[in-house]
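As given, the protein sequences belong to chains V, U, W, Z and R, one line each in that order.
Numbered according to the numbering used here, the first sequence spans residues 26 to 392.
Numbered according to the numbering used here, the second sequence spans residues 4 to 597.
Numbered according to the numbering used here, the third sequence spans residues 3 to 304.
Numbered according to the numbering used here, the fourth sequence spans residues 791 to 982.
Numbered according to the numbering used here, the fifth sequence spans residues 5 to 185.
Keep in mind that the hints are not guaranteed to be accurate.
To be verified - Within a straight-line C-alpha distance of at most 30 Å, the following computed DSS-like cross-link-like pairs (lysine-lysine) qualify:
no., chain 1, residue 1, chain 2, residue 2
1, W, Lys223, R, Lys13
2, V, Lys204, U, Lys25
3, Z, Lys971, U, Lys353
4, U, Lys136, V, Lys189
5, Z, Lys797, V, Lys264
6, Z, Lys971, U, Lys275
7, U, Lys80, Z, Lys958
8, V, Lys264, Z, Lys873
9, Z, Lys978, V, Lys346
10, V, Lys192, V, Lys310
11, R, Lys172, V, Lys49
12, V, Lys194, U, Lys139
13, U, Lys168, U, Lys321
14, U, Lys563, Z, Lys971
15, V, Lys189, U, Lys146
16, Z, Lys977, V, Lys346
17, R, Lys120, W, Lys60
18, R, Lys159, W, Lys60
19, R, Lys120, Z, Lys958
20, V, Lys310, Z, Lys978
21, Z, Lys971, U, Lys573
22, V, Lys211, U, Lys10
23, V, Lys194, U, Lys146
24, U, Lys25, V, Lys192
25, V, Lys49, R, Lys173
26, R, Lys158, R, Lys173
27, V, Lys346, Z, Lys817
28, U, Lys25, W, Lys33
29, U, Lys321, U, Lys269
30, W, Lys223, R, Lys159
Stated by the list, open to error - Label-pair restraints from in silico Cβ distances:
no., chain 1, residue 1, chain 2, residue 2, range
31, R, Lys173, U, Asp74, 35 to 43 Å
32, W, Glu281, R, Ile14, 49 to 57 Å
33, V, Gly225, Z, Gly859, 47 to 55 Å
34, Z, Lys810, V, Lys49, 39 to 47 Å
35, V, Val58, Z, Phe894, 22 to 30 Å
36, V, Gln51, W, Phe293, 36 to 44 Å
37, Z, Val825, U, Ser123, 49 to 57 Å
38, W, Phe11, R, Val15, 25 to 33 Å
39, V, Gly370, W, Trp288, 23 to 31 Å
40, V, Gly370, W, Phe11, 53 to 61 Å
FYI, nobody ran anything at the bench for these hints, they're computed from the structure.
Here the structure is a predicted model, which means the values were calculated and not measured.
We put the CB at the ideal spot given by N, CA and C, even for glycine.
Take a look at the letters that make up each chain.
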Amino acid sequence: MREKSTTLYIGPQHPGITGNMMVKLQVEGDTVVKAETHVGYLHRGFEKLMERRNWLQSFTIVCRICVPEPDPNEENYARAVEEIEGREVPERAKYIRVMTLELARIASYLLWYGGQAGSAGLYTMPQWSVGDRNYILDLFEDLTGGRIYHMYIWPGGVRRDLPKGFKDKALKTMDYLEKRIDEYDKLLFENSIFQKRAKGVGIIDKNKAIEWGVVGAPLRGCGIKSDVRIDDPYEVYDKLDFEVPAMEGGDVWTRALIRRFEIRQSINIVRQTLEKMPGGEFYNKIPNPMKWKIPAGDAYVKTESARGEFAYYVVSDGTNKPRRVHVKGPAYVHGVTLLENLLVGENISDVSFIMNSLGTCPPEIER
Amino acid sequence: MSFFNLKGILSPVTALKQFGKKPHTVGFPEVSIEASDRYRGLHFNDLDACIGCGNCSTICMNNAIDMIQLDGIEGEKGDSGLRPRVDNGRCCWCALCVEVCPTGSLNLTKEYNFVSTDASDFLWTPGLSNKDKKDKISFVSDKETSLTEYTRVPMRELDGMERIKSFAEAVLGYNEEEARREASRCISCSLCTESCPDHMHIPEYINAIASGNDADALRIIYDNNPLPEMCGKVCTRRCEDVCAISVRGEAVAIRWLKRYATETAKNADIIKEIVNPEIREANGLNVSVIGAGPSGLTVAYYLALRGYNVTIYEAKAKAGGMTYYGIPKYRLPEESLEKQVGYIQSIGVKINFNTRVGKDISFNEIYEKSDAVFMGVGYEKPWTLGITGEDLEGSLQAVTYLDAINSGKEINIGDKVAVIGGGNVAIDAARVARRKGADVTIVYRRRIEDMPADWEEIEGAEDEGVHIMQQGIPLEIVGKNGKVTGLKIAHAEMIPDPNGGRPRPKQIEGSEEILEMTAVIGAIGQEGDYSFLPEEIMKQLKIERGRFVVNEGGQTNLSKIFAGGDSVNKTADAISAIADGFRAVKAIDKFLNK
Amino acid sequence: MEDIGYKIFGAFLTTVLAFVVGMFYGGFRRKIIARIQNRVGPPVYQNFLDVMKLLSKKTAVHHGIMQQLAPLWLITMSIVTLMFIPVLKDGLFFTNLNFSGDIIFLLYMMVFGSLGMALGAGQTGNPNSAIGVTRGLIQMVGFEIPWIMALVALMVQYKTTSVTGLLDIQSQSGTWMMFSSPFAFIAALLAMPGMFRYSPFDIVGAPAELASGPVSEFGGKYLSLMMTSGSIFAFVKLTLIVDLFLGGASNLIELVIKTFILYMYPVLWGAISPRFRTEQAVKYFWGWPLFFGVIALAFATF
Amino acid sequence: MTDTLNKENKLLEVLKEEFKLLSGKVKRSRRVEVVIENEQIIPILLFAKERLNYIHFSHMSCVDWIEEGKFEVIYILWSPEEKINLLIKTKVAREGEDLPNIDFIWRQANTYEREIREMYGLPFDGLVGREEFILEDWDEIPPMRRDFITNEYVSETYFEREGREDAKDVREQILGRTDEKLPDFAKKYSRD
Amino acid sequence: MAYDNNSQKIVDYIQNFARKHSLFVLAYGTGCGAIEIPPTMTSRYDAERFGIRGAATPRQADVLLITGYLATKTLKRVIRTYEQMQDPKYVIAFGSCTINGGMYWDSYNTINMLDKYIPVDVYINGCMPRPEAVISGFVKLQDEIQAGRADGWKKYQDNLEEYRANQKKIIKNWTMPDFNW
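Excised from the complex, chain V in its bound form (with noise of 0.2 Å):
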């Protein structure tokens, strides 16, 4: 093998990248010495572009941020802005949003476990899971009236009830992603193979995780239990019977096994929802949207996406526009620092196997 080391761009089109970023690797034969986060390709100056928005029409463009999950967005934007104004949410519209919210953990699960197991070179698995991955959407369009792009959750709560016939169309959907998922398990998880792949690579230390930053799936799968749903419970997740997984491990086999976990807990806790969701107003209605004003004042909000921990800091000055909004994803870390020093080492065929194990969406780094 040659020792000359080599620069070896990966992205920002190059089928193994997740999205249109760049990782720019140093490389001796086949193990990487050094690797760079490149970013900025799908920056759009969403927080720029916010100052010139008021608060509702702010409202549309927050779930373009990340486009595999927009709902975490949607929700958290919603949620910071009733949090300043002060705006009560009808717990139907909680329940309601925590549904959508885990639809969409759901559907972006379905994605990663396409990526993943393409990123690995099993081909079916996509075909699979992302075709399957439309049945949620379909669902979502019944319900928002969107395939990709919900914006149904706004502040106040949601913008339409659930249509006629919903609760059982969702709940056949769950029923038959259940039994899919059985057969994804037989497909990828107990494929010897893709266990050779995935086990013992991209292993975050377990003591170091937090202070990296590290969250959501990635973190769990350090074997520390920590999950905004129960750590800073919103909207009806006090409410609900789930469960959070935690395994030790820190590699890309034990985030796998941590999202094959949640998924069906995510399943489950759309039946819950469907179960328990109460009757009555779904929204608090907004006045006139041109002249809405919110008082001074800031909010932190966190979701758990899929991804991980998702939060908005959004600050109001007092008029009808924000004066900022700042969005963290949990792929700013992930896709940044963490990345860049956990693929030190690696071989170049597990970059991008990696790079989908810890979820990176250049979207939300750069937005």
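We have chain V; now place chains U, W, Z and R onto it with these hints.
Just chains U, W, Z and R now, with coordinates in the frame of chain V:
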């Protein structure tokens, strides 16, 4: 890692059984999934239902919606004549435009396939380019989900039975919080401004109120209305009829908001301090105004601001004309008018009270010494019913009655009063009579819904215990000993007008009855009294059907004489009079500064 | 003279046959994998369209002469290899040019094409290509060892170095080599997916890792040549194994059935397997395949 | 509610004892906010991390208060044990001042600081890292500063598809029909 | 070019037929519309049955999908990628953003009109376009190819100066090699 992981090799093999399954691929294009019932696809706009308020265009943060003129769609009152055009190169399908559409004409459809090689195709007009897609409408916004607030903030009023005890103002007015809330309902479409005879800057002052800036609101209001508080209390508010929100809900309470803004200034000095008008240097031109009614005061105020020397000749002791003497005090308290008139006087308008032109001073004298004369003399002389028995004691006209009450005189009307007519004056007279302790019945030829009076007034009257007899035609006032004892009426049925007009009442034969009354008040209209004019002027002035004939600036055929108010326009309300005055101001200014 | 004419015409027909069969196999592969993946998949003739389209593309890449030669080299080697493989046991057209010792020659030729490719890819200057080439060579070392051992075992066992010789032995004894020398067959079978470079051995082109590896810089006509060569080469490999272990084929239908069944094995395994890392792949080849290769050799020797 | 905010109040007290806080308050359960001079940023962060076990650096943000001529920088920490988000705010002048680099305390702060340096032009003393993080070849004023007007920049830099010039404003259309003028001081209340 | 020759017509027809039914799509998710590419390519919508498949590198690709907005930083890479692609090549533009800026019309970092920088053959409307719409877009492109109208690549060659000027206006640090045919 086990040495030989048999399960790990065999388990994935089970995946191969999928080979036998039917693929779940969606066919194309023969079988394509129908988008969901809520899908946010391309726009559809019902061009007939749309009123061109442009709210969709305003809410769109992407500047995707332009309001454009379409062939065959003309603007009218309550319709700007513009229709939205969508730039799909901007649209993000957030459907906020649907959520804020006050009429519900704009919707999204299930259609989403829009593919083209030419980028300019994506600029299209919903409803025109996709006429046939009305049945594909999917994402709609009903009154519950719409972001437009369809219910107005309720106005606090005195209780009906409490009201009739005194002449205290019945309507309490919004407090600050209510006003802000109500003002924030406005979508600022400005359709109302066209409908307002005076074209007040309604969206601007409502926005000022909504943004918490009452002083600015007052300044904007005073820009073309010198008697806003009066309007805020008694205006006929045609603006609210065309309010975009009124298509599906209750119009913004424009009148109450104006009232709120003006009431923030407690007296004339504060008004002057807030409005702080720019008064131009005196230009040495004299303008005389006959009649201190709304139109006269308007002319006087704005001409005074422009540096003219303005003198008003008022026959009565108080300024305000019909608004003082014709409107009961529970609607427009005396102090309110005095405050506004005081402000007008404070900027240099001279009012000669108790000076009836033609009696105390001759018209010719005024005419000679003025560079221009404005006549805002109004309709003073009431019409009589034209039925027998009108000369009986206890038979009187509403205007006379109100005038007397407002001047502080007492007129004995007994305890059972019939008011004939369905306009505001009739209701006023009825409610005043009610406050004087009488049991009042309004007799109206048509149905309640045909009454020209404001619905709020009618409701108020009913609350106060005024009976309304609809479809009753007065036939004769019955009297004994020269006093009214009853009113003979006949009931009527409504027959549709073959020409498409509103249905007309037709007397039902044999339905006559006599109602016992102590007084009968007629309120069927007034006319002008031009006896103050000298004969040679009368001869020259063009008068048609009792009204001066004027051009759009209020100028009569005698170029020095301008006229406005009830004696010119047909709408006969205060705001029209103010509008006439305002137009005359511009015309006089132009006329004298050629 | 007549004989030569048949030979030349036979060579032409063989090439066409290999091309057509190889292309259709590729098409079937895509279709079958698609069905496993719950979808419809492209038409079976899709690969023809792809090649035609690529041929019709303009080519404006110049990295050097070697890069331009590489695809030609590749296809030449494929056809040359094909020429030395008896497609049918007997018959006029498809027996081709074989001679004693051609197994050794074939072993040599099969590596040769890849080497040319390696040179061409190396010249493009694309680091992905370079790494892909390295990986390809490493993998080749991996699967060649059990594969060669299996063939050597056959040669030692049956004392012939000619494919025709082995075919004759099979038809004389009436048993296929897969039964008569099972260990060699197992070793060859386990090593075979490595030759096809389908999952889990697609480490050379691994899109998620190396874009498409050595072929990164090849487009248009080059790529079409490569696809053609790949199709022919797939046919070559399948036919060779059929000849060696499955008793060859005496007519085209038999050939197609045997090769197709054999072909399904790497294809289906590919459909359900993620990719090995390079060293894992080598480890795999030097595990069970090598083990069976050694046993086969021992079996043959003793 | 006061009973449930015990740990939050306790945290505030501890911080008040240790540092001279400009202000501090419990925003709600699990959110404590303190404002501090920018010289004390490193001491308070170290104190929070080492002594109070606020080991998770959640977030770092910057707000441009252009009217005051200040940037407000917010450090948000999280304690996995106490489960409290501690917001530490400080203000720094928009021009001429800098903040200390804290990436030796938390290495991921490096990313935040690089972004703030790039988007606001706020320098961090001793910050190492590529100058360009998100933008490329940017030579205007840093875009997140409020005096950078994005739509003006866009209209002079990028193209806009033609064909929309015939758009009309509803207000102007109606004004035109009524032959009325809008006074200038009222215009700011017209809808844009 | 003169198309008076019948044999030329037949060759063109066959060429176009092959080009039409074999579209290699470059795997480059330039914007958020890329999220609908996996569903389009996978089992539910299965674009492969139209001959559409992914290609890892620009050299092998025929179709460049601009999936939504383009940040200026990406624009530079897109131009480079586009120029590396072999003729004939096609560009499909997704979503509103490529037409007139979409929801990022006032963003300082995204371009508004894609066709000022590289030629576009087909626009698919939507934000983002559904997989069905994406497939319709491809079908439209196929029709255009069959009819010989999808000639954006020729336009690019002919008007290179103009495109270059526009590109250089945005990309301040132009360090790319010049386009060689």
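- request: Quick one: which hint numbers does this structure break? Sort them smallest to largest.
  value: Per hint list: zero violations.
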